[in-house]
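Residue numbers (the working numbering), protein chains in the order written: chain A, 1 to 270; chain B, 1 to 270.
Please keep in mind that the hints were generated in silico from the structure rather than gathered at the bench.
Quick caveat, the model's predicted, so the values are computed rather than measured.
Do not rely on the hints blindly, as some may be mistaken.
What the hints assert, rightly or not - Distance ranges between label pairs, derived from CB positions: (1) A:L223 <-> B:A207: 26 to 34 Å; (2) B:A94 <-> A:G235: 34 to 42 Å; (3) B:P152 <-> A:K112: 38 to 46 Å; (4) B:F39 <-> A:Q209: 32 to 40 Å; (5) A:E31 <-> B:L223: 34 to 42 Å; (6) B:P152 <-> A:W267: 51 to 59 Å; (7) A:D232 <-> B:A83: 20 to 28 Å; (8) A:R268 <-> B:A207: 31 to 39 Å; (9) A:D228 <-> B:E50: 13 to 21 Å; (10) A:R251 <-> B:A207: 29 to 37 Å; (11) B:A153 <-> A:F248: 42 to 50 Å; (12) B:L223 <-> A:P129: 23 to 31 Å; (13) A:V22 <-> B:S173: 47 to 55 Å.
Note that the Cβ used here is the ideal one computed from N, Cα and C, for glycine as well.
Number of protein chains: 2
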Amino acid sequence: MRIAVVAPSCPLKREAEEAVTVIVEARGDCELAIHPQCFLSDGHFAGPDEARLEALREVMGDPSLDAVWFARGGYGSNRIAEAALADLPSAASAKTYMGYSDAGFLLAGLHKAGLDAVWGPMPQDVLRPGGERAIMRALDWLVRRDASALEPALDGPSMAFNLTVLSNLLGTSLEPDFTGIDLLIEEVSEHLYAMDRAMFHVTALPAIQKARRLRLGRVSDVLPNDPDFGADEAGIVEQWCARSGIPFGGRADIGHDAQNRVVPFRWRND
Amino acid sequence: MRIAVVAPSCPLKREAEEAVTVIVEARGDCELAIHPQCFLSDGHFAGPDEARLEALREVMGDPSLDAVWFARGGYGSNRIAEAALADLPSAASAKTYMGYSDAGFLLAGLHKAGLDAVWGPMPQDVLRPGGERAIMRALDWLVRRDASALEPALDGPSMAFNLTVLSNLLGTSLEPDFTGIDLLIEEVSEHLYAMDRAMFHVTALPAIQKARRLRLGRVSDVLPNDPDFGADEAGIVEQWCARSGIPFGGRADIGHDAQNRVVPFRWRND
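Just chain A, same shape as in the assembly (with noise of 0.2 Å):
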């Protein structure tokens, strides 16, 4: 299985690509392709939109290449995510698409365009404490579908997603129906009270509201709130969940950590 890299938001970093080369070497069961617009950098991002489009689109169109793994996240894919998506390759549909974070602008964009796209760790979490694990359950996900990576509960279709992400593509070309499914949600980096907003925003939505059940995964680094919000990130979502008549279906185990389970978008034999 040959397995492309590319970096549609921020650079991936050259010990992360080292730490990486060194585990797929030794699993001997998979070729990673990095691509070197990977370290390409212009301003917040690796490499200009045109050059981390022209990747993309390269690599998605390459019928060599069974499998795009995006870098990392941090932000930027939604400047390309729309004309990545255009007039797709016949290539592109054969392939599975992994990353999370900002690659959810993609990964929503991709779903909706009938292709394989998953939520799962990514090249650069093999930085984070524990991260070879991370990248042992993407690539055990990616080379042999070994269910032991999954998020435990799936129980039917589900799409995961980072908060802000998913209420900054709401409404865009990008939207995904979320009809019947399970909709897995985390955070990081935010206050609580910019969280609850997103909260507001998200499940006002009448295309939200169409969900099955929404599921909680880890809200980490949380930014200090002055005085103290006065709810946690459960009693926010499930005041949410209740106010707009989404069912809460209890924590989910994704994250920004290494201990991120993965979350295909494709439910079984969709």
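Fit chain B to the given chain A structure using the hints.
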């Protein structure tokens, strides 16, 4: 003229109350009715949702009051906006409502309901450097529709919003009709990458693409971007305008500061 002050988001500071009261007494052309709810505290908010809603509904329904002045921003008006707008009492439609920042959730819904919603300084602004001028400007508009209080380049129907607030109300029941209006935006205390993301979201929506022009107010207290984002606030906004086909109308004299001007959502004899 009698002006009610209520706090749908965060509590008003006592020193702001005192300073604004001194200004109002010196003017002698209006009377403030500062609701005791302004000083309640419940976690992040000026009292629980029920108390903030009750105070707002009380002043909206009081025929002896000519205007409702939102005490300050922060976060929280979205949590009570829909309920505040349900079954409007007839006295509510004879009033002017002024505020900005988080109060934008209410302004949007009030304007959509046909009421006189106005972007403008709030009582807590008296604590900013030069804040007395902001208070005078707000009262000049509320009391005698003094045109010198207005954003100087208004030349047709306009609305003003904090960008993040706007992004979080799109698609909800509070969303007004943007057709043909000048849309003025400003931002405070965000990273430039988050501003870029919100501009992506806002300008991607067909409802916003119906605006006549987009104008950019001040972007203040910008949080660090590491590495440097690669574009400034004007570059970000001009680029998303160009991508979405919304004409960019230049800068606007609004922002989270004492210079913040008045933008009535209702255009002259509408």
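For each hint, the structure was consulted:
Under the hint 26 to 34 Å, the C-beta atoms of A:L223 and B:A207, about 30 Å apart, fit the expected range. Roughly 39 Å separates the CB atoms of B:A94 and A:G235, a value that falls within the hinted 34 to 42 Å. Take B:P152 and A:K112: their Cβ atoms lie about 44 Å apart, and the range 38 to 46 Å holds. Between B:F39 and A:Q209 the CB atoms are about 36 Å apart, so this pair conforms to the stated range of 32 to 40 Å.
Roughly 41 Å separates the CB atoms of A:E31 and B:L223, a value that falls within the hinted 34 to 42 Å. Taken as a hint, the range 51 to 59 Å holds for the pair B:P152 and A:W267, whose Cβ atoms sit roughly 56 Å apart. Checking the proposed 20 to 28 Å range against A:D232 and B:A83 shows it holds: the Cβ atoms sit about 24 Å from each other. Checking the proposed 31 to 39 Å range against A:R268 and B:A207 shows it holds: the Cβ atoms sit about 37 Å from each other.
Taken as a hint, the range 13 to 21 Å holds for the pair A:D228 and B:E50, whose Cβ atoms sit roughly 20 Å apart. Evaluation of the 29 to 37 Å hint for A:R251 and B:A207 yields a pass: the beta carbon distance comes to about 35 Å. At roughly 47 Å, the beta carbons of B:A153 and A:F248 sit within the given window of 42 to 50 Å. Take B:L223 and A:P129: their Cβ atoms lie about 26 Å apart, and the range 23 to 31 Å holds.
At roughly 53 Å, the beta carbons of A:V22 and B:S173 sit within the given window of 47 to 55 Å.
Consistency note: the structure conflicts with none of the earlier hints.
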